[in-house]
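Participant: All chains, full assembly: derive it from the sequences and hints.
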Amino acid sequence: MISFSAVSKRYPGGQDVLRGVSLTVNAGELVFITGHSGAGKSTLLKLIPAIERPSTGSVIVNGQNVSALRPAAIPFLRRNLGLVFQDQKLLYDRSVYENIMLPLSFSSLAPREAARRARAALDKVGLLGREKANPVQLSGGEQQRVAIARAVVNRPAILIADEPTANLDAEAAQRVLEIFVAFNQVGVTVLLATHDLGLVTRYGRRVLRLAAGHVVEDSAP
Amino acid sequence: MRSWLRQHRRALVAALGKLAAQKASGGVSALVIGVALSLPAGGYSLLEGLSSLAAGVALEPQISVYLKTGSTQSDADALAARLKSDARIGQVRFVPRTEALKELKATEGLADVIDALDHNPLPDAFVVRARDSSPETLAELAQELRRAPTVAHVQADAVWARRLASLARLGRLAVLLLAALLAFGLVAVTFNTIRLQILTQRDEIEVSKLIGATDTFIRRPFLYLGLLQGLAGGALALGIVWAGLSLLNGEVLTLAQTYGSSFRFDFLSQGDALAVMLFAGALGWLGASLSVSRYLLEVQPK
Ligand SMILES: Nc1ncnc2c1ncn2[C@@H]1O[C@H](COP(=O)(O)OP(=O)(O)O)[C@@H](O)[C@H]1O
Ligand SMILES: [Mg+2]
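Chains as they are written, first to last, in our numbering: chain A, 205 to 425; chain B, 21 to 322.
For the record, the hints were derived by calculation from the structure and aren't laboratory data. Please note: incorrect hints may appear among the correct ones.
[What the hints assert, rightly or not] Quick look at which bits of chain B chain A covers, simulated, 3 or more residues with Cβ under 8 Å:
1) 25–35
2) 215–228
[Unchecked claim] Stretch by stretch, here's where chain B covers chain A in the computed footprint (C-beta under 8 Å, at least three residues):
3) 275–282
4) 297–310
Backbone N, C-alpha and C fix where the C-beta goes; we use that ideal spot for every residue, glycine too.
Facilitator: Laid out in C-alpha cells, this is it:
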C-alpha cells in the first residue's frame, strides 16, 4: 500500500534527514514510527502526501509514485489520505463543526450527506454535542480529537498522524491512541509517529525506529 | 453539473460573507473604483451629448450660396439650372437680394441701420438642401460651388458641425486613454485589497491546501470577491455620472431655452451602462486573479 525505496531527504542547506530508507506498509497495518526528536519521523510522514519530496528514491502510495506527481494531481492524492498534523492546524476562528466540514467543502458531496459524515466523524472521536464550540474552548485532548475527526471525515483508507499524543496527559493520550486502534480495526491503514516508545509498545504492533536517518529497528509483533 | 453549481454557489456565498465582513477595505476599494471610473464614464456622456448636438445641425444639410454683387438675372438663372440638375441636391430656394434685405429689416433693431444705407449691399443667394446629410458630401458640394465663376461665397453650416464631431472624436480617444490608464490603477487597487483579505485567511488556505483543496477551489471565492467589488464600483460610477448629469442638466436647460433648444445631456445608454459595469467587474476579477495567483506561487513549496 505504501512503499519507500532507497529514499533520502535533504532540506536545502541541511544535512541528510533520511538516508536510503526502504520500507513497506501493507493495507490494514498499524505502524508506530518512533525515534528521538529530530530523527526524521515528521519528514518521513510528509513524503506520503507529497508535502515534501524525496531528494532521491521513490515513494509509492497505492501504486502511484507520489514523489513524481504533477502538482495539479497532489490535491487528489491528499483527499484519499487522512492527515493529523503535529501542530494540528485547526482553525480557531471556526467552530468544531466548521473545522470538520472543511475537507468536505472541496468535494462535491451533497450538503445533507456532508452533514451526516461530519456528525459520524464527531461521534467516532466522542465529540458529539461539542460541534458548536470553538476549538480554544476545548482541552488539548479534545482538540486533538477534532483534528482526528477532520482527518477521517472523508473516510480515507490511510490515516497518517504525526505525534498525536504529544503534550497530552497519560489518560488523554491513551484515549487518542485507542481511537486510532479502533480505526485500524475496521480496516484503515494507520501510520503514527511518536517519540514516546513506552506509550506504544504495550499495543504489540509493528514499530519502526528511526535514528540518524536510518530505520534502525523494524519489529513486527 | 449540480455539484459544479454547488461549488460556485458556495464560493459566491463565501465571497458575499467576506464582503460583508471586510466592510471597510472592500467598501473603500469599491469607492476608489467608482470615483475613478466616473471620470471616463462622465466624460463619455458629455461627449455623446456634444456629438448629438453636432449631429442635429448636420441633419439640416443646408448650404447658402451667395452670388457676386453685380451678377445679372441670367447669371442667377444659369446657376439655378445647374443646381437643379445636380443629383445630390434635393431642394433649391432662390433668395433675391431685395427679399433678403426685407428679411433683415424685419429683424428687431436693424431696421434703422438698413434705412440709413443708400443702396442694398446684399447679393442674390440660393439656399440649397442636399439629399445626403453627411458632412463629407456637404463639404464636397460646397467646395465645387465655390469654384463657379458667378459665386462669391459659400457657407456650409455643416462645417462647424464637422469640426465639433472631429473634436468629439478626439475627446473620445482621450476618454479611452484615461479609462485604459485608470484600468491599471484599479487592477492594482483590487490586487491590494484582495491580498489583505488573503493574508487574513492564510491559515485556512494553508490547511485547505494541505488536506487536498485545489488551487482552483482556493482561488474561486477571491475571484468572486474581486468581481463583486468591481461591480459595486461600476454601479457607484454610474450613480456618480447620473447625479453629475442631473445637476448639469439643470443649468444646461436654462441656457438651452434662451436659444430655443430643448437640449440636455442624456445618461449613458443601457448598453454603455452595461459596458461600464462589465469593465469594472472585469478589472476587479483581474486584480483578484493576479493577487491569488501571486500568493499561491509564493506559498508553493519549492
Ligand atoms: N523544512 C525544513 N527545513 C530544514 N530543515 C528541516 C525542515 N524540517 C525538518 N528539518 C530538520 O530535519 C530534521 C528532522 O526533522 P523532523 O522530520 O521534524 O524530525 P522528527 O519529527 O523526528 O522530530 C531536524 O533536524 C529538523 O531540524
Ligand atoms: Mg516531528
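Participant: Return the numbers of the hints above that this structure violates; sort them in rising order.
Facilitator: The structure conflicts with no hint, since it agrees with every one listed earlier.
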